Amino acid sequence: MMDSADVVVIGGGSIGCSVAYNLAKTGVENIVLVEKNFLASGATGRCAAGVRQQWGTRENCLVAKRSIELLKDLSVELDAELDFRQSGYLLIASNEEERDQLETNMELQNSLGIPTKELTLAEAEDLVPYLDTKDAKRAFFCGEDGHLDPFKTTFAYARAAERLGVEINTHTEVTDIVYKNGIEQVVTKRGSISTDLVVNATGPGTKYIGKILNLDHPVEPERHQILITEPLENMLGPMVISFQHNSYIQQVPHGGFIMGYGNPNEPHYVNYKHSWRFLDNMAKKAVQQLPVLEDVRVVRQWAGHYGISPDGQPILGTVPGYDGYYLACGCGKGFMFSPAIGEGMAKLITGKELSIPIEKMSIERFESGELISEPAVV
Amino acid sequence: MVEDRTYLCRCEDLTKEKLHEILDKYDDISMEEIKRITRATMGPCQGRTCKELIAREIAKYRDENLEKVGLPSYRAPITPTKLGEIARSEENDG
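Keeping their order, the protein sequence lines are chains A and B.
Numbered according to the working numbering, the first sequence terminates at residue 378, and the numbering increases by one at each position without gaps.
Numbered according to the working numbering, the second sequence terminates at residue 94, and the numbering increases by one at each position without gaps.
The hints are simulated quantities; they were obtained by calculation from the structure and are not laboratory data.
As the structure is a prediction and not an experimental result, all values here were calculated from the model.
Not one of these hints is a red herring.
Covered stretches of chain A, going by a simulated chain B footprint (3 or more residues, C-beta under 8 Å):
| hint | stretch |
| --- | --- |
| 1 | 33 to 46 |
| 2 | 284 to 292 |
| 3 | 295 to 301 |
Here a beta-carbon is modelled for each residue, glycine too, at the ideal position from N, C-alpha and C.
When you get a sec, could you build the whole thing from the sequences and use the hints?
Shown next as structure tokens:
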């Protein structure tokens, strides 16, 4: 392992690997990435693999839009298959309040160039013939949203970064960060690296790295559970999100139906346990929305985490008073935002013109208290 | 002509030859990572037929202890179960 680096990226998930790759692509040399377990072993590899632009804040919409733009050519750029498929997201409103919220979101999305449409229930049924719309009022659809393989994407960023000279060290846990007048050293279980620039890309683990520097980052790990079924022929098309059920269901290109939800009232800590209660509730939610799934078998369930921030938006950029310390936390949307966040962080660090409004996503917003909360999290 | 291939994971078509190719390419790749790249052990058999076979093949190919390979987790449910049966189970319990 290198004992000195220009940049140390902590975290081998989609954001860490994207940041490392984009920094190297921008011309930064001597980059080391450290990951305590293996690549995509945390939130990235446990996520539902969806990518969507139908958000309710300007910043989330812009980061999502930039990610979708980058994804169009990413598999060529990284020279790897990423299973990117734009089969859309269908958001179901079950009451007037949800409909009003989703209409407001759609107006914002349209004003930023995101082509979301409001659909009648008949149109929604045309799109997803198996959907039971008896509890639905209205539906919203963006055909540019879709699916992306989290493992393939993370590995592709990592391999492309390595080709540009980045050193990636898995099974290398950070135990200390030496800070005097600036960042001086990152200490890991496998040795120390002298550096004056660190990027914390640890997703739901963000606050644990912050604690090393005596900082209290407002990012909490929130457990979300998920299951996947046996593979079937392609029959669903878009990801179906229901705010009434607080759940999502998507058929992945491989054929399995992936579905899940989280309970925001649980205590926030890293908890990889899965529960019978989830399986039971999720099965009910699934057969209510898509009765055709009744005879489809569940093969696996697991748990992962959203790193949630108080306003549901990413936390990106510098930390006031801590020279050389950067945050790159997607806050529950890390995987789907990783292309734009990686590019944006590389531009910020190298002083280039920004492609996403990182200044609006700084941790400083929590001091001023002027938060605009994301209303469309599931 | 029948090709000379040995299937380790029958659900997701991981062959011994493909596994060797991956091990040759990435020195320190873990079984957890191989699982995620190839989908091996994640099919309808839930890894019951292939998981230990693959682990043993990795150990043999690298000439290392089986314990060092480390088996990916076994996950619930214990057998593939229909969503409809699960959804109705609590009602049946009374």
